[in-house]
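Asks: Please build the complete structure, drawing on both the sequences and the hints.
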Amino acid sequence: MSDVDTLRLTAEEAIGLLERGDVSARELWEAYRAAIDERDGELHCYLSLADEPEGDGVPIALKDVITTKGIETTAGSKILKGYVPVFDSTVAARVKDAKLPLLGKTNLDEFAMGSSTENSAFGPTHNPWDPTRVPGGSGGGSAAAVAAGLAPWALGSDTGGSIKQPASLCGIVGLRPTYGTVSRYGIVALASSLDQVGPTTKTVRDCALLYRVIAGRDPLDSTTADVPPVELPQADDLKGLRIGVPKELNEAEGIEPGVKEASDRTIELCRELGAEVGETTLPRSVDYGLACYYLIQPAEASSNLARYDGVRYGLRVGNGSYHAMVERTRDEGFGDEPKRRIMLGAYALSAGYYEAFYGQAQKVRTVIAEEHRKAFEGFDVLVSPTSPTVAFELGAKTQNPLAMYLSDLLTIPSNMAGLPGLSIPCGLSEGLPVGFQLVGPQFAENTLFRVGHALEQALSFDYVPERLK
Amino acid sequence: MAITRAQVEHVARLAHLALTEEELDRFGEQLGAILEAVSKVSELDLGDVEPTSHPLDLVNVWREDEPQPSLPREEALANAPATEGGFFKVPPAIGPEPDL
Chain A
1 MSDVDTLRLT AEEAIGLLER GDVSARELWE AYRAAIDERD GELHCYLSLA DEPEGDGVPI
61 ALKDVITTKG IETTAGSKIL KGYVPVFDST VAARVKDAKL PLLGKTNLDE FAMGSSTENS
121 AFGPTHNPWD PTRVPGGSGG GSAAAVAAGL APWALGSDTG GSIKQPASLC GIVGLRPTYG
181 TVSRYGIVAL ASSLDQVGPT TKTVRDCALL YRVIAGRDPL DSTTADVPPV ELPQADDLKG
241 LRIGVPKELN EAEGIEPGVK EASDRTIELC RELGAEVGET TLPRSVDYGL ACYYLIQPAE
301 ASSNLARYDG VRYGLRVGNG SYHAMVERTR DEGFGDEPKR RIMLGAYALS AGYYEAFYGQ
361 AQKVRTVIAE EHRKAFEGFD VLVSPTSPTV AFELGAKTQN PLAMYLSDLL TIPSNMAGLP
421 GLSIPCGLSE GLPVGFQLVG PQFAENTLFR VGHALEQALS FDYVPERLK
Chain B
1 MAITRAQVEH VARLAHLALT EEELDRFGEQ LGAILEAVSK VSELDLGDVE PTSHPLDLVN
61 VWREDEPQPS LPREEALANA PATEGGFFKV PPAIGPEPDL
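For the record, the sequence lines run as chains A and B. Take 1 as the starting number for the first sequence in my numbering and just add one per residue. Take 1 as the starting number for the second sequence in my numbering and just add one per residue.
I should point out that these hints are in silico values taken from the structure, not numbers from a laboratory. It is possible that some hints are incorrect.
Distance condition first, Cα-Cα at most 27 Å in a straight line; then the derived DSS-like pairs of lysine-lysine [claimed, not checked]:
no., chain 1, residue 1, chain 2, residue 2
1, B, K89, A, K78
2, A, K96, A, K81
3, A, K363, B, K40
4, A, K78, A, K99
5, A, K247, A, K374
6, B, K40, A, K69
7, A, K247, A, K260
8, A, K374, A, K363
9, A, K363, A, K247
10, B, K40, A, K247
11, A, K81, B, K89
12, A, K374, B, K89
13, A, K81, A, K69
Replies: This is how it looks when you write it as structure tokens:
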């Protein structure tokens with residue numbers, strides 16, 4: 001048993017171990033539990049742990065916005081502390097159908113609002129590469145758990161970059177799938193026109209394997225679509241592929257030199273692997289993307305979070321009148337970031353401001369989608385760094401919400417257009433991982449897997465954090 | 001773009017948040033800075049552009065209007081802070097409504 005090295009083992013290798021009978025599913029699950037006991041005290045990836053393995057497959061961790069029947073689901077918020085759902089989300093049900101035993105529920109920024117996991121009501125997660133730094137967010141718990149060998153793979157959710165950015169900061173692979181490919185039924189809602197569930201894994205092939213488990217039309221979510229069959233990537237070259245380098249995404253202000261260097265080297269590698277590489281442009285998507293996102297997302301969030309009123313589930317504070325109870329419950333139950341976004345959204349939707357803010361942002365969203373459509377006339381995949389920076393220090397941006405929002409500058413534009421994005425580790429800058437973002441047209445996940453896998457083979461990035469070796 | 005104290009209080013009421021004085025000050029300042037940043041969208045002249053509310057070209061999805069099993073009542077009530085006689089129980093809601 002002691003020979004299961006959870007830091008290095010990929011999910012695909014774990015499947016092999018189980019198939020050959022080299023380990024039992026329980027032994028495998030227990031190996032991860034032992035790793036959690038050893039390292040999670042320092043990292044705080046998990047909010048709750050499963051008592052017993054259920055299923056004979058490779059264990060999995062789920063971000064705590066994914067509703068799990070009979071298992072506390074908090075969304076990282078005090079307002080949902082103690083909430084034990086009476087139903088499964090569709091993704092949790094699919095994971096169960098695939099017999100993947102749950103390890104536990106992972107930490108996140110409250111209601112998935114944040115880029116560092118520091119907004120969790122239950123304390124931050126730490127980056128396995130350097131525990132004085134953030135793992136990214138909102139899905140920092142899932143990303144750090146996979147990077148630290150505390151889960152072979154995990155699921156997250158991505159609204160503005162909450163899968164891709166933490167994957168980048170933790171040196172692993174993260175896929176934000178095309179909007180509509182994975183059911184949102186039972187996912188604690190942040191912004192319904194943007195939220196999407198996706199895998200966080202050590203390798204691109206693991207990512208494709210897990211995406212295969214969760215993707216597909218769901219009668220319980222009418223915004224889901226039919227999904228092309230998922231292909232496991234094999235090829236180690238990029239012959240016949242056209243890779244576009246959007247100038248604005250690669251030259252944006254705030255990209256650290258070390259990040260730019262690692263990303264540029266990877267672009268050069270695309271050429272060496274046989275791809276046709278050329279420059280392209282997204283003139284307004286990057287300049288206006290962040291502003292567009294921070295109107296639409298808070299507007300949808302303010303509506304979605306109206307349900308936390310102390311009546312049907314969660315916290316209730318005060319008992320004088322109904323209105324006083326609702327207001328006090330929400331003031332005590334929500335942390336600062338949800339309050340800021342609820343107010344920002346309510347303001348953008350309020351009489352007199354709707355057209356200038358929310359209405360205008362929806363038009364910008366059309367512009368962003370059209371710019372991407374145009375770029376894909378000449379290219380199969382668009383590439384850039386995933387995050388402008390490597391993992392930053394805990395506390396560095398907590399006093400300045402706008403500085404924190406800039407963490408998602410490069411992930412937001414394609415998210416606004418509903419496009420799939422894959423982040424793969426492409427090197428180190430100052431000893432910390434750098435993520436490389438691949439964006440494709442809607443439903444082009446297989447292309448992203450192919451490019452990601454070929455680059456991964458050529459890069460041979462070692463995903464085991466130096467300090468844990 | 002500054003947001004006045006009265007506007008912050010108004011938005012807090014709209015959002016059903018009973019904020020403390022300290023929160024009203026702090027959030028007022030932060031909202032002002034964020035609103036200034038997001039106002040950037042108004043630089044673009046997009047008169048003829050159609051708004052996008054949803055990223056996929058989906059049309060309405062229909063199903064037969066047939067009764068389906070739903071959550072048993074006791075399960076639906078299982079997480080409620082207060083219940084009585086099979087209902088959600090709330091404090092008195094009749095009386096003067098807060099000013100919006």
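Asks: Could you work out which of the previously given hints the structure breaks and list their numbers from low to high?
Replies: 4, 6, 12
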